[in-house]
Amino acid sequence: MSLCMNQAVVKGLMACAPLAHASQFAQSARHGALGLSNFLALQLGQSSTSIFAPEGTPARSIFGLSMLVLAICATIFVVVAGLLLFTVIRYRHRPSDSDREPPQIYGSNQVELSWTVIPVLIIVVLFLATARIIFTTQQAPRPKAALNVVVIGHQYWWEYRYPKLGIVTANELHVPVSDPSNPTPTYLTMSSADTDHSFWVPVLAGKMDVIPNKINTMWIDPDKPGLYLGQCAQYCGAQHAKMLIRVYADTPAEFAAWIKDQQHPALQAASASEGRTVFLSNACVNCHTVSGTAAHGTFGPDLSHLASRATIASGAVPLNQQNLRAFIDDPANFKPGALMPAMHLSNHDLDAVTQYLMTLR
Amino acid sequence: MVTQTPVTSIAGHAPASQHGSRAFDVVYDWITTVDHKKIGIMYIVYALIFLVIAGIEALLMRVQLAVPNNTFVSPQSFNRLFTMHGTTMVFFVGMPILFGFGNYLIPLMIGARDMAFPRLNAFSFWISAFSGFLLYFSYFAGSGLYGAGTAPDVGWFAYAPLTARVFSPGHSTDYWTLSVLLSSIGSLGTALNIVATTLSMRCPGMKLSRMPLLVWLYFVTSCIAFIAISPLSAAQIMLVIDRYLGGHFFDTQAGGSAVLWMHFFWIFGHPEVYILVLPAFAFANEIIPVFSRKAIFGYPAMVSATVGIGFISMGVWAHHMFTVGLGPGANAFFTLATMVIAVPTGIKIFNWLATMWGGNIHFSTPMIFSIGFLFQFLVAGLTGVMLAAAPFDWQLGNSYFVVAHFHYVLVGAILFMIFAAFYYWYPKMTGRMLSERLGKWHFWLFVIGFHLTFDFMHIPGILGMPRRIYTYEADRGWAIWNMIVSSGAIFQTIATLIFVYNLVVSYFKGAVAGPDPWDAWTLEWSTSSPPPSYNFAKTPTVESRRPLWDLKHPEEPDTQYE
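Each protein sequence line maps, in turn, to chains A and B. This note's numbering puts the first residue of the first sequence at 84, with every later residue one more than the last. This note's numbering puts the first residue of the second sequence at 2, with every later residue one more than the last.
If you are wondering where the hints come from, they were derived from the structure by calculation, not from laboratory data. The C-beta atom is built at its ideal place from N, Cα and C for all residues, glycine as well. Careful: at least some of the hints might be erroneous.
If the Cβ cut is set under 8 Å, some of the chain A residues that face chain B in the computed set are [stated by the list, open to error]:
hint	residue
1	S133
2	I145
3	I159
4	V163
5	D277
Covered stretches of chain A, going by a simulated chain B footprint (3 or more residues, C-beta under 8 Å) [said to hold, decoys possible]:
hint	stretch
6	189-196
7	213-227
8	287-293
Make a model of the complete structure from these sequences and hints.
Here it is as structure tokens:
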């Protein structure tokens with residue numbers, strides 16, 4: 084990345100050096116600009132959360148619109164900034180100028196009219212193009228095969244419920260990949276348990292706010308299997324920064340397998356019975372659910388299949404024995420300000436409960 | 002005070018203490034003054050102090066964000082920093098500095114001896130000043146409850162229900178609410194004063210159609226302030242009722258509506274942008290013609306465009322809410338309304354260009370800042386058009402692209418014009434010129450810093466970086482851009498230090514300005530620098546928009562053409 088930037092900088096410098104011939108200068112400037120734009124394009128396409136690298140229909144139609152809007156705005160910029168530059172250079176004060184004031188011109192109705200009408204026409208074009216995308220995205224017909232997921236925002240984590248499948252999970256959303264010829268989009272019905280949040284996975288769709296006492300919907304249809312990243316986009320409190328989103332687009336076979344795993348009640352491995360006792364006899368059960376046990380809390384993420392997830396703390400850190408133990412010991416190790424209290428367990432209990440949670444596949 | 006002239010006592014000065022020291026007299030004089038010029042200067046100095054404070058807050062945030070997973074400040078401190086930075090810059094820097102210039106200049110430009118209501122003017126200033134101190138007092142007194150924070154941390158638009166007592170215990174939010182409410186009262190008082198002054202205090206011959214454009218723009222700004230600030234004040238009172246008297250306006254846990262707060266806030270918040278930017282346009286309307294040596298091009302079009310912006314600005318607020326789940330009809334309406342505002346704004350840019358076209362452009366410091374303003378305001382307007390396209394906003398809204406966009410307006414356009422205004426009117430206010438050499442250093446360093454920071458800030462937004470996060474993941478490709486953005490802050494800091502140094506040193510050592518250092522055309526340049534407390538010994542009479550042009554060019558006065 085830095086190598087690429089160095090090249091662009093070097094090209095830019097080279098472009099400025101030979102000023103002898105105008106044509107040569109223009110050519111090198113073109114190279115410099117090309118280097119810079121290549122560099123930019125590379126950067127913008129590379130990020131896993133770039134709005135210019137769409138992987139689903141809503142993001143793609145927004146991308147198309149944004150290119151049109153960008154092109155029109157860039158043209159206006161070049162024309163007006165060019166005029167400004169020309170005016171400043173052409174009409175600058177020169178030491179040789181006489182003391183006489185330049186001719187005073189007070190205005191011209193024809194000129195005023197032209198620079199009123201032309202912008203109006205541009206706006207008509209922009210508005211019509213925009214309105215089309217607004218309506219096609221917000222009023223898209225919903226296919227029969229669409230999956231419905233209920234998304235509930237919590238202070239610093241996401242709850243996902245699949246009402247028809249009887250699945251409740253957290254922080255890692257699994258959806259089927261959508262084949263454009265036979266679309267299986269996922270509709271998200273969203274609300275919040277506490278403050279405002281916003282669900283934003285840039286490569287899949289624009290963001291939609293998640294607001295308490297209000298139900299919003301949006302849809303996504305990733306067309307390639309894989310992991311898509313995003314994060315909460317509405318300030319929601321101390322740990323707004325670490326309320327990350329992970330969307331897994333699964334192939335039909337993977338998705339069916341995932342559903343089957345999640346529908347099983349939580350595994351009760353005999354090897355982890357001690358940790359289970361620690362879990363069930365501490366305050367854990369007030370906030371967390373583990374299906375098939377007495378833990379029915381709903382303030383925190385459902386842990387029935389915790390070990391099937393790749394991360395904890397809403398995507399903040401990878402799930403492994405060490406991180407999980409440190410998080411239970413004191414969540415502030417990774418998320419200062421998270422609502423889960425430090426559990427103050429003994430080392431022995433901490434190891435046991437970590438071991439138990441790691442068995443919940 | 003022995004030398005006090007009869008005229009100043011007529012103007013309303015309380016006589017100073019008979020037996021106090023000289024220092025006491027000076028302080029007493031400033032505290033009790035109702036002179037619009039002194040109140041204007043106090044507004045400006047007060048705003049400059051808060052500009053430095055809020056600038057330091059911005060610097061701390063940029064240090065934190067320079068590299069991913071930084072731990073320079075805690076999440077809680079970071080959230081307070083951006084809340085205080087935003088609130089301070091809008092309510093305790095932007096509004097007071099612009100009202101300060103308005104206070105100082107409007108009576109001078111319309112040939113009046115003071116504002117229409119001098120005592121209301123002093124009241125407005127002091128209540129605004131108090132509200133700023135109240136906000137910062139929260140750092141000492143905001144906690145109130147175990148576990149509660151100190152300074153407000155709810156963001157400058159304080160979305161419900163984060164402000165409810167369950168999510169914001171203690172008193173930090175109360176400090177925010179009450180200080181914003183009090184500053185709104187001050188702003189309403191000043192707005193009322195400006196409207197009354199423009200309508201009733203103009204000197205003989207100054208018809209509305211001959212009023213300097215600066216005064217016209219301040220008039221429209223004040224009318225907008227009237228309409229826009231009232232819902233903000235109402236919302237603050239409703240919030241206090243929610244928090245302490247069991248109301249449920251915004252309390253979603255009890256059936257209230259978070260979206261209602263958004264409507265209340267943004268029906269203030271968007272016109273607020275125009276309350277801040279119209280005075281910047283006002284400065285440009287005075288400065289660009291003088292340094293191009295030409296009359297403003299299309300005066301009637303400029304006035305109509307301003308009034309047009311005033312009206313349209315009332316109907317665009319929900320473009321801040323494209324992502325809250327409005328229907329497609331509402332989204333389309335607010336897209337259109339927002340794009341329409343580009344038309345009168347474009348008219349202004351073209352008229353400024355046409356004013357410079359065919360002129361004789363002098364690159365004095367006020368003018369180079371104005372040229373910077375023109376360029377940057379063009380960019381800010383165009384990114385505004387992008388954000389107006391609702392689907393584009395579904396991606397860019399609440400991202401760093403938005404942060405870059407509105408800083409382009411607030412810094413690139415408004416702050417640049419405020420700097421220009423300083424260089425232009427400081428000689429009038431103090432009788433001394435600011436150093437041109439330091440002014441150019443200030444300009445170039447600030448331009449470099451501004452573009453490093455705010456040009457590159459658009460990119461992490463496009464790459465999916467939301468605003469108001471205290472840190473970010475290393476694997477998103479945002480790090481290099483944030484490093485560049487933070488490095489620009491260094492240049493801006495140095496430039497600002499040079500500016501403050503220039504203000505202080507020039508006050509004592511600057512070249513003597515004389516009444517009319519820029520060879521300008523409006524009435525404030527017809528009196529001495531600084532003007533006497535009664536402004537004009539004899540009430541002036543005007544016959545055109547540029548009374549001093551007529552005096553200087555009797556062979557071709559403006560009166561022939563208007």
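Against the structure, the hints come out as follows:
1. S133: 5 Å, holds
2. I145: This hint holds: I145 of chain A lies near chain B, its Cβ roughly 5 Å from the closest one there, short of 8 Å.
3. I159: Hint on I159 of chain A: holds, closest Cβ of chain B at ~6 Å, below 8 Å.
4. V163: The hint holds - V163 of chain A has a Cβ within 8 Å of chain B, the shortest such distance being about 6 Å.
5. D277: Given a least distance of 7 Å, the restraint on D277 of chain A holds.
6. 189-196: holds (count 5)
7. 213-227: holds (count 8)
8. 287-293: holds (count 5)
Every hint from the earlier list agrees with this structure, and none is contradicted.
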